[in-house]
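A.B. asks: Take a look at the letters that make up each chain.
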Amino acid sequence: MIPILGLAVGVVLGLLLDPDVPLWLQPYLPIAVVAALDAVFGGVRARFDRIFDAKVFVVSFVSNVVVAALIVFLGDQLGVGAQLSTAVVVVLGIRIFGNAAAIRRHLFRA
Amino acid sequence: MSAPAPGRQRSLGASLLDQVLAETLDPAYAQAAAARAERAAEPVAGAGRPSWLPRHRGQLLVALTLLLAGLLASVTYQEAALGAQGREQTRQALRDDIREESEATDALVAQLEDLTAQVGRTRDQALATTVTGQGALTRLAAAEQGAAVLAVSGPGLRVTLDDAPPPADSDPVGGAPEQNAAGLVQDADVQLAVNGLWAAGAEAISINGQRVGATTAIRQAGGAILVNFRPIAPPYDIEAIGDSEGLPRAFLASYEADTLARLTLDYGVVFDFARVGDLDLPAGSGAELRHARPLEPAAASGGAAGTDPTTDGG
Chain L
10 MIPILGLAVG
20 VVLGLLLDPD
30 VPLWLQPYLP
40 IAVVAALDAV
50 FGGVRARFDR
60 IFDAKVFVVS
70 FVSNVVVAAL
80 IVFLGDQLGV
90 GAQLSTAVVV
100 VLGIRIFGNA
110 AAIRRHLFRA
Chain P
14 MSAPAPGRQR
24 SLGASLLDQV
34 LAETLDPAYA
44 QAAAARAERA
54 AEPVAGAGRP
64 SWLPRHRGQL
74 LVALTLLLAG
84 LLASVTYQEA
94 ALGAQGREQT
104 RQALRDDIRE
114 ESEATDALVA
124 QLEDLTAQVG
134 RTRDQALATT
144 VTGQGALTRL
154 AAAEQGAAVL
164 AVSGPGLRVT
174 LDDAPPPADS
184 DPVGGAPEQN
194 AAGLVQDADV
204 QLAVNGLWAA
214 GAEAISINGQ
224 RVGATTAIRQ
234 AGGAILVNFR
244 PIAPPYDIEA
254 IGDSEGLPRA
264 FLASYEADTL
274 ARLTLDYGVV
284 FDFARVGDLD
294 LPAGSGAELR
304 HARPLEPAAA
314 SGGAAGTDPT
324 TDGG
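Residue numbers (the numbering used here), protein chains in the order written: chain L, 10 to 119; chain P, 14 to 327.
Check before you lean on any hint, since a few could be wrong.
[As the list claims (entries may be wrong)] Interface residues of chain L toward chain P, partial, derived using beta-carbon atoms under 7 Å:
1. Val20
2. Gly23
3. Val65
The set of hints was computed from the structure by calculation and includes no laboratory data. Predicted, not measured: the structure shown is a model, and the values here were computed from it. A virtual CB, placed ideally from N, CA and C, is assigned to each residue, including glycine.
Using the sequences and the accompanying hints, generate a full structural model.
C.D. replies: Okay, here's the thing in structure tokens:
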């Protein structure tokens, strides 16, 4: 219950405060969100699999977001930022779909 | 999700894909669960069930992380929404600017036409009073016809040039389809068509409503083609008045038409022509007074002023 409350509070805070994001950070926000989604779906699925672990979740979340942003940053420096973003989105997208399918199987037994 | 059968030889790409597809869950979860089970299995002295605090701490940690996730998502959403809004505003402002400036230009052109007509009327009246003036008026009418400052109409030929359509396999994701630079109509192509039409016996030519006179330049500035220093946009309709039989025949047999046809073959430039029964070409605006001298000392009553009357009140 507390985690879901945290999520809701985060969304509301972001919408209300509308913090100024530095310009250099803005290109990495969307990719960071996709990485965060991957970590969250992974966490939810682990919970359904009864192997959820708080430490693993937090570490995977932070590292996911940082590494995804870092890969895109590196790609930007090398001139292949768009292609690497695509690669990150494809891989994370596949994982999100896989985890969502597992969650669906848990929820609906189908 | 089942892992691929071990021991089978797979190519690197296939195994990578298999891994991505099969391992959607971070293996760290399974490892942590195994480690927990191990810890629970071996009896630890002094600790039975884990106390409430560690459980609570884990939940709080997860809540904090999810708060971060929510924050990240909503901030990103707002940035994207703001960016789209800003782009739309900028585009709208630019569009308004373009429309305003175009309207101003149109108004000035209309004013120029009015004033030119006024000057012409006044001049004709002044000239019509004397015999020498009447002679000059006749010569003037012929000169005006030649200088393309009178609107004309008649049968003729319409030649249409247009940029090559974008290739069918171009990827339109993320904006407008990529336009192949080689398929764009150049100023030289329009010049070629106009020169070909003159050579084929055209008596008057206009391009997209801009009359081509003796001093008209067809040139390129940036991506736009300028005729009479006014930008024109594709498709380029080049209308030529001339003999309805001879003009098309002579034009199509010309070297210029041949070159344009080859441009179509090589680069996909659109090159079309049609015989038109009745074309209306607008008057050109090239009637700037550059030289003037008195006809005779007595008759000259202010007509030899050095200033250019068409620029008055602009």
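A.B. asks: Hint by hint, say whether it matches the structure.
C.D. replies: Each hint, compared with the structure:
no. : hint  : in the structure
1   : Val20 : holds (4 Å)
2   : Gly23 : holds (3 Å)
3   : Val65 : holds (5 Å)
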